[in-house]
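J.: The task is simple: from the sequences and hints, build the whole structure.
Sequence order for the protein chains is Y and X. Be aware that the first sequence starts at 512, since it is given in my numbering, and climbs by one per residue. Be aware that the second sequence starts at 269, since it is given in my numbering, and climbs by one per residue.
Please keep in mind that the hints were generated in silico from the structure rather than gathered at the bench. Predicted model, so just to flag it, every value in this text is computed and none were measured. None of the hints are false.
Computed footprint of chain X on chain Y, listed as stretches where at least three residues anywhere in the stretch have a Cβ under 8 Å from a Cβ of chain X:
(1) 658-669
(2) 683-692
Listed below are the simulated EDC-like cross-link pairs for lysine to aspartate or glutamate, each with C-alpha atoms no more than 16 Å apart in a straight line:
(3) X:515 - X:503
(4) X:345 - Y:690
(5) Y:542 - X:364
(6) X:434 - X:461
(7) X:514 - X:498
(8) X:379 - Y:667
Beta carbons: idealized from backbone N, C-alpha and C, even for Gly.
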Amino acid sequence: MFLNWLGTLPGAAAQGIIWGIMAIGVYITYKILDIADLTVDGSICTGGATFTMLLLAGLPIPLCLLIAFLAGTLCGLITGIFHTFLGIPAILAGILTQLILWSVNLKIMGRSNVAIPGRNFDLWVSALLPSWQSLLVLIAIIAVLIAILYWFFGTEFGTSLRATGNNLNMSRAQGINTDWTKIFGLAFSNGVVGLAGALLFQYQGGSDVKKGQGAIVIGLAAIIIGDAIVSKISQNFAVRLLGVVLGGIIYFFVYQTVIFLGFDSDLLKMLSAIVVAIFLGLPYLKKKYFASKKREGKRNA
Amino acid sequence: MLELHHITKKFNAGTVNEKVALNDVSLRLNDGDFVTVIGGNGAGKSTLMNAIAGVWPLDDGQVIVDGTNITAMPEHKRAKFLGRVFQDPNMGTAADMQIDENLALANRRGKRRGLAWSITAKEREVYKSLLAQLDLGLEDRLTSKVGLLSGGQRQAITLLMASMNKPNLLLLDEHTAALDPKTAAKVLKLTDEIVTQNQLTTLMITHNMKDAITHGNRLIMMHHGRIIFDIAGEEKRKLTVEDLLKKFEECSGAEFASDRALLS
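T.: Okay, here's the thing in structure tokens:
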């Protein structure tokens, strides 16, 4: 039994890395821009569906991946326009785009799910391939992605995105067009999520319109787990992104193990949501608890 | 040079809560003027700053900086002309970013932000010497996160950022109000130095009458969204707090309604 469980690990690692890539996309909005962007649940599927249909139409994989990325950026663009030009709160803007994307994704695929016959294509990542091969490709993609992000957020324009998330007032006072930086960040983030969707559907051998549900929660979980691990070690941006990927892997290990142990998979989404809620609430409770302790201390003194 | 032509701003227009925050205000600042602004609570001092900075559109009137009409420009575009320091020390800097990154952001105010690296080695040296002038030991902490600094240190850095590249106008919105008296005095002294050194045209709101008298070359007093008193040069230098209070009662027919101004 233990050996069987061990056998699931490389596959879990591969899928974990893919969710980690998605979580890096979420990191851009959630951590850098300070926006909780729910577009993700739709854009991951848009990326995956676009990839699947283009692959089936005979386009080469790199081109399919690129277009999946661009499809993702379009999703983020919609949310960005809703949020900045129409003044809709970011969370609501994301939910609206998510709904739009549900219909769009069905139209892209023509039905609710489409299979990729894995043996007909030279897939880069797939459950059908030896795990090490998928892992190698994914690690290479992660390395390139982190390198690009590390460079970008060190540039003049990249730092203006970080400033936007950090202090909106100051950013405007320093001449940053915060509408534009937000739109760009949302588009970029969802581009990465779309790319992750393309890799995920490629790995799992097909598209399913329901696949994206709860993606944002997985992304947040990966970010929280990653932060808990690496924030004490290093504040370096690349290390933190690596932590997010690690978070994705750990999340998926736990997920796989829980399924392996025969846990009712219907309850898994609820479980992840509760875990994320606890971790998001923890800093708040800590502050409150310590504050009241201090007050008590004063009263006793 | 700053010119305000008949600017008017109403909040909650058309409701029972309508408040005319700026009522047909005209003002002209000459190059190098250092003007202090005082007034009671709700007199329209901060509204005046925000009108110039473009936080929201005006109902009426025009704002002209060095010949450019900026009335219709969005906030981020007019930032090119303006250096701003806020009352809240947290507002002028990005807490999670390093000191040098904050300075670099300010250094590119009004310029295109491209894909070049955000700080060059040469710039870092310039920032170091600028920080050394503050005499707060910050020149050795270039890569510290600004959030770790005290309110006074953050205001000093914001002041530095606001004065970078010599803005056409420096706006100081009660920038020492949130600091303890000793730190406030230090930041005010620094303000004087930076303004004089760079010959900046400056508008400084203060709640402290004594500061309003001792700093700058001109003083204006606001009440109910209007400028009720404007004094400059030798006359201003001879002012006392008592004179100001008397003047206020004369011009407004009311008592000066700011506890803070009287207590400090």
